[in-house]
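Can you make the complete structure from the sequences, with help from the hints?
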Amino acid sequence: MPQKALLSVSDKTGIVEFAKGLREYGFEIISSGGTASVLKESGLEVTEVSEVTNFPEILDGRVKTLHPKIHGGILYQKAKHEEDIEEHALPQLDLVVVNLYPFENVIQEDHDLEEAIENIDIGGVALLRAAAKNHERVGVVTDKEDYDVVLKELETNG
Numbered sequence: 182m183p184q185k186a187l188l189s190v191s192d193k194t195g196i197v198e199f200a201k202g203l204r205e206y207g208f209e210i211i212s213s214g215g216t217a218s219v220l221k222e223s224g225l226e227v228t229e230v231s232e233v234t235n236f237p238e239i240l241d242g243r244v245k246t247l248h249p250k251i252h253g254g255i256l257y258q259k260a261k262h263e264e265d266i267e268e269h270a271l272p273q274l275d276l277v278v279v280n281l282y283p284f285e286n287v288i289q290e291d292h293d294l295e296e297a298i299e300n301i302d303i304g305g306v307a308l309l310r311a312a313a314k315n316h317e318r319v320g321v322v323t324d325k326e327d328y329d330v331v332l333k334e335l336e337t338n339g
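Following our numbering, the numbering of the sequence shown begins with 182 at its first residue and continues without gaps.
What the hints contain is simulated information worked out from the structure, not anything from laboratory work.
Hints may contain errors.
As the list claims (entries may be wrong) - Simulated pairs of lysine to any residue, SDA-like, Cα-Cα distance not exceeding 25 angstroms:
#  : residue 1 : residue 2
1  : K250      : E226
2  : K193      : E205
3  : K314      : K325
4  : K193      : D275
5  : K261      : Y328
6  : K201      : S218
7  : K259      : N315
8  : K201      : T234
9  : K325      : Y206
10 : K185      : E263
11 : K314      : E263
12 : K259      : S218
13 : K314      : V219
14 : K185      : D291
15 : K193      : K333
16 : K314      : L335
17 : K221      : K250
18 : K185      : G214
19 : K221      : L281
20 : K314      : D241
21 : K325      : G207
22 : K261      : K221
23 : K221      : G195
24 : K250      : D275
25 : K193      : G224
26 : K250      : V219
27 : K261      : D275
28 : K314      : Y328
Predicted, not measured: the structure shown is a model, and the values here were computed from it.
Next up, the structure:
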């Protein structure tokens, strides 16, 4: 079974090259919203989060990754949750790649309250916390500066 990476980034810098590198190492790419669009436009094969969850993005994109199939796919422990994995067809996620909305930048610039509120990241934070909770099995990448380091690690250690 190929490893799966969930990519959901606000800053798209370097994400196409990183995703291509992950594909070279056999990863299936699962992505949402704008990240999925950028990756597809580059010619990459991408499974959209909505295809995994069988549930669309809703509320103007406010809810994309907040779903039991996504969080279950990050949080499961193989030895303890095998039955749940099979019963609910959880997508065994191995790598979570997230950088958060630029809230800090937005509030320092001349933006109104509504725009600031829309830049409070909920789903990204939840993904990062879930991956951190299951850090023994799930890798986490939050900084675009680490993309090359991760690919080199995959080259060296698989």
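Would the hint linking K325 and G207 be met if the CA-CA limit is 25 angstroms?
holds (20 angstroms)
With a cut-off of 25 angstroms on the C-alpha distance, tell me whether K193 and D275 pass.
Distance ~21 angstroms between K193 and D275 Cα, so the pair holds.
Would you check the hint for K259 and N315, treating anything up to 25 angstroms between C-alpha atoms as holding?
Satisfied, since the Cα-Cα distance of roughly 11 angstroms is no more than 25 angstroms.
Tell me if the straight-line CA distance from K193 to G224 falls inside 25 angstroms.
holds (15 angstroms)
Proposed proximity, Y328 with K314 (alpha carbon, max 25 angstroms)
holds (21 angstroms)
Within 25 angstroms, alpha carbon to alpha carbon, are K325 and Y206?
Measuring from Cα to Cα gives roughly 18 angstroms; hence the hint holds.
Going straight from one Cα to the other, do K221 and K250 come out at no more than 25 angstroms?
holds (22 angstroms)
Mind checking the alpha carbons of K201 and T234 for me, to see if they're no more than 25 angstroms apart?
Distance ~24 angstroms between K201 and T234 Cα, so the pair holds.
When you check the alpha-carbon spacing of K185 and D291, does it fall within 25 angstroms?
With a Cα-Cα distance of about 39 angstroms, the restraint between K185 and D291 is violated, given a limit of 25 angstroms.
Proposed proximity, E263 with K185 (alpha carbon, max 25 angstroms):
holds (17 angstroms)
For the pair we were handed, K193 and E205, check the Cα-Cα distance against 25 angstroms.
Roughly 19 angstroms separates the two Cα atoms, so the pair holds.
Decide if the proposed pair is consistent with the structure: K250 and D275, CA atoms, cutoff 25 angstroms inclusive.
holds (14 angstroms)
Hints 5, 12, 13, 14, 20, 22 from the earlier list are contradicted by this structure; the remaining hints agree with it.
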